[in-house]
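Novice: Top line first, the protein sequences correspond to chains Z and G.
Positions in the first sequence are counted from 1; adding 18 to them yields the numbering used here.
Positions in the second sequence are counted from 1; adding 3 to them yields the numbering used here.
No lab work stands behind these hints, which were simulated from the structure alone.
Please note that a few of the clues may not be correct.
With a straight-line Cα cutoff of 20 Å, these simulated SDA-like cross-link-like pairs (lysine to any residue) come out [said to hold, decoys possible]:
(1) K32/G to V78/Z
(2) K307/Z to P43/G
(3) K307/Z to D61/G
(4) K48/G to A314/Z
(5) K307/Z to G31/G
(6) K307/Z to F44/G
(7) K6/G to F83/Z
(8) K48/G to Q313/Z
(9) K48/G to L310/Z
(10) K33/G to E308/Z
(11) K48/G to V306/Z
(12) K307/Z to K48/G
(13) K33/G to D183/Z
(14) K307/Z to A27/G
(15) K48/G to E308/Z
(16) K307/Z to G45/G
(17) K6/G to V78/Z
(18) K33/G to E85/Z
(19) K307/Z to D50/G
(20) K40/Z to P52/Z
(21) K32/G to E85/Z
(22) K290/Z to A314/Z
(23) K9/G to G31/G
(24) K33/G to P10/G
(25) K307/Z to R53/G
(26) K48/G to R311/Z
(27) K32/G to Q123/Z
(28) K33/G to V78/Z
(29) K9/G to A27/G
(30) K6/G to A27/G
(31) K32/G to D183/Z
(32) K307/Z to S16/G
(33) K307/Z to R47/G
(34) K307/Z to E51/G
(35) K33/G to K40/Z
(36) K48/G to S305/Z
(37) K307/Z to V52/G
(38) K298/Z to R287/Z
(39) K32/G to F83/Z
(40) K33/G to Q123/Z
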Amino acid sequence: MSAASTSAATFEALDDLDAINKLYRERRWSDGLPIVPPTQDRVERMLAGTRRRRNEVIAVLPPGFGEATVERIAINAVMAGCEAAHLPVLIAATDAAAQAQFNIQGIEATTNPVAVWLVLNGPIVNQLDINATFNCLGQGAWANATLGRAMRLILQNIGGALPGDMDRATQGQPAKYTFCCGENEAQSPWEPLHVERGFAREASTVTVVGAEGTLNMNTHSKEAGEMLRVFAECMVHPASNEYCHGGEPWLVIAPEHADILKAGGLTKRDVKQRLWELSKMPAGRLSVKEVLRAQASRTDEFGEIKPDTLLTISRKPEDIWFIVAGGPGTHTTYVPCFGNSRAVTREIGV
Amino acid sequence: MAKRGKPALTICSTAFQTLGRAQASALGKKDLPIAVMPHPFGLRKRDEVRVIAEKVVDDILQLVTRGGAKSGGAR
Numbered sequence: 019m020s021a022a023s024t025s026a027a028t029f030e031a032l033d034d035l036d037a038i039n040k041l042y043r044e045r046r047w048s049d050g051l052p053i054v055p056p057t058q059d060r061v062e063r064m065l066a067g068t069r070r071r072r073n074e075v076i077a078v079l080p081p082g083f084g085e086a087t088v089e090r091i092a093i094n095a096v097m098a099g100c101e102a103a104h105l106p107v108l109i110a111a112t113d114a115a116a117q118a119q120f121n122i123q124g125i126e127a128t129t130n131p132v133a134v135w136l137v138l139n140g141p142i143v144n145q146l147d148i149n150a151t152f153n154c155l156g157q158g159a160w161a162n163a164t165l166g167r168a169m170r171l172i173l174q175n176i177g178g179a180l181p182g183d184m185d186r187a188t189q190g191q192p193a194k195y196t197f198c199c200g201e202n203e204a205q206s207p208w209e210p211l212h213v214e215r216g217f218a219r220e221a222s223t224v225t226v227v228g229a230e231g232t233l234n235m236n237t238h239s240k241e242a243g244e245m246l247r248v249f250a251e252c253m254v255h256p257a258s259n260e261y262c263h264g265g266e267p268w269l270v271i272a273p274e275h276a277d278i279l280k281a282g283g284l285t286k287r288d289v290k291q292r293l294w295e296l297s298k299m300p301a302g303r304l305s306v307k308e309v310l311r312a313q314a315s316r317t318d319e320f321g322e323i324k325p326d327t328l329l330t331i332s333r334k335p336e337d338i339w340f341i342v343a344g345g346p347g348t349h350t351t352y353v354p355c356f357g358n359s360r361a362v363t364r365e366i367g368v
Numbered sequence: 004m005a006k007r008g009k010p011a012l013t014i015c016s017t018a019f020q021t022l023g024r025a026q027a028s029a030l031g032k033k034d035l036p037i038a039v040m041p042h043p044f045g046l047r048k049r050d051e052v053r054v055i056a057e058k059v060v061d062d063i064l065q066l067v068t069r070g071g072a073k074s075g076g077a078r
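One chain only, chain Z, in its complex shape:
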């Protein structure tokens, strides 16, 4: 994109971490946690992580329509605790989040708790020590924690999505602090997400997903068909944007579960098809208002929606997406999504 007309503003501050954090708190430049002060030296070191020009505009981010220059992304990366090698991930993620089909305007300004989830694939997962195994959606990995946090700061400080102002989330969710993981490609019996989405296996990619939350699905089932039935029954919920709009639900399938599904002879496509069939829900389970919302969004698919109309969770089986991630154990995560958003994948350059 074009170059920004101005560089990021600078200001003098006392060389005192407490005073700086007080200032950032007062100006609402933080996410509520202490930040790493983005001094000029630190920002320069961060910018060494890319060959792009500092004034290059990667995207214009709603709802405030701020210009996300490389330099501004770098400043927020410093604040979040990122290292220089993380910067290209954030540049690619910012570009991805700004694509029309992702609907970042809706995601940031809605009352829905939707968070931006970063999914990493390819060699970069190992290169940056991105956790794709034990507790990959939890705490403990520097890259996961700081990359997800930096994405939130970019959306808040450049995009202007401040809670209560332009971020209208009724309650939000913990994942709005940080939400980032890798796919455990080594333990997946199928092709990884980025290959499925058209990238070379040796490419490194980031996928942005508009995620409403996470729901743990603990099943010790050893039979593929039964396991998918249980997953599908967890995915069915009447207070869902997905059934109203025809969404794009995601799962993080545990390696042990993935092995059982594979042993059952199922391809990725088979898993999606079965989940799509098994998660159909009679419209009568929705509230009257939600049926009206579904009617407004999905008339082209269903015509008149009646109580016995079987609503699908997504418009097509292939709109159900999943990665394989996590360590040993029988826990798979359902990630319901915003509904009016489609995930976007970008290759991570330098």
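Dock chain G against chain Z, hints included.
Specialist: This is chain G only, laid out in the frame that chain Z set:
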């Protein structure tokens, strides 16, 4: 639309007034007319919505035709 010289206004509920004003400003249309309805809106019955609509329709027409009017003409 407003930037293209077409009459334009935004209709929102009181809970979204801050967002509407901030976005209009960010897009360089600080004076974009915003018609504000009482929140919450989704809980109202259809006949209640009609009463509100009838109350504000003239204000909205006035706002959209004069352009650049002060915000919150319709409440």
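Novice: Indicate, hint by hint, whether the structure satisfies it.
Specialist: To see whether the hints hold, each was checked on the structure:
1. K32/G to V78/Z: holds (17 Å)
2. K307/Z to P43/G: holds (14 Å)
3. K307/Z to D61/G: With a Cα-Cα distance of about 28 Å, the restraint between K307/Z and D61/G is violated, given a limit of 20 Å.
4. K48/G to A314/Z: Status holds; Cα separation ~17 Å.
5. K307/Z to G31/G: violated (36 Å)
6. K307/Z to F44/G: holds (12 Å)
7. K6/G to F83/Z: holds (16 Å)
8. K48/G to Q313/Z: holds (18 Å)
9. K48/G to L310/Z: The hint holds at about 13 Å.
10. K33/G to E308/Z: violated (35 Å)
11. K48/G to V306/Z: holds (12 Å)
12. K307/Z to K48/G: holds (11 Å)
13. K33/G to D183/Z: holds (16 Å)
14. K307/Z to A27/G: Status violated; Cα separation ~30 Å.
15. K48/G to E308/Z: It holds: about 14 Å lies between the C-alpha atoms, which stays within 20 Å.
16. K307/Z to G45/G: holds (9 Å)
17. K6/G to V78/Z: Given that 20 Å is the threshold and the Cα spacing comes to 18 Å, the pair holds.
18. K33/G to E85/Z: Within the cut-off at roughly 19 Å; holds.
19. K307/Z to D50/G: Measuring from Cα to Cα gives roughly 15 Å; hence the hint holds.
20. K40/Z to P52/Z: holds (9 Å)
21. K32/G to E85/Z: Distance ~17 Å between K32/G and E85/Z Cα, so the pair holds.
22. K290/Z to A314/Z: violated (26 Å)
23. K9/G to G31/G: Distance ~15 Å between K9/G and G31/G Cα, so the pair holds.
24. K33/G to P10/G: holds (15 Å)
25. K307/Z to R53/G: holds (17 Å)
26. K48/G to R311/Z: The given pair, whose Cα atoms are some 15 Å apart, holds under the 20 Å limit.
27. K32/G to Q123/Z: holds (17 Å)
28. K33/G to V78/Z: holds (19 Å)
29. K9/G to A27/G: holds (15 Å)
30. K6/G to A27/G: Within the cut-off at roughly 11 Å; holds.
31. K32/G to D183/Z: The hint holds at about 18 Å.
32. K307/Z to S16/G: Holds, at roughly 18 Å.
33. K307/Z to R47/G: holds (11 Å)
34. K307/Z to E51/G: holds (15 Å)
35. K33/G to K40/Z: violated (31 Å)
36. K48/G to S305/Z: holds (14 Å)
37. K307/Z to V52/G: holds (14 Å)
38. K298/Z to R287/Z: OK: K298/Z and R287/Z at ~17 Å, within 20 Å.
39. K32/G to F83/Z: Judged against 20 Å, a Cα distance of about 13 Å means the pair holds.
40. K33/G to Q123/Z: holds (19 Å)
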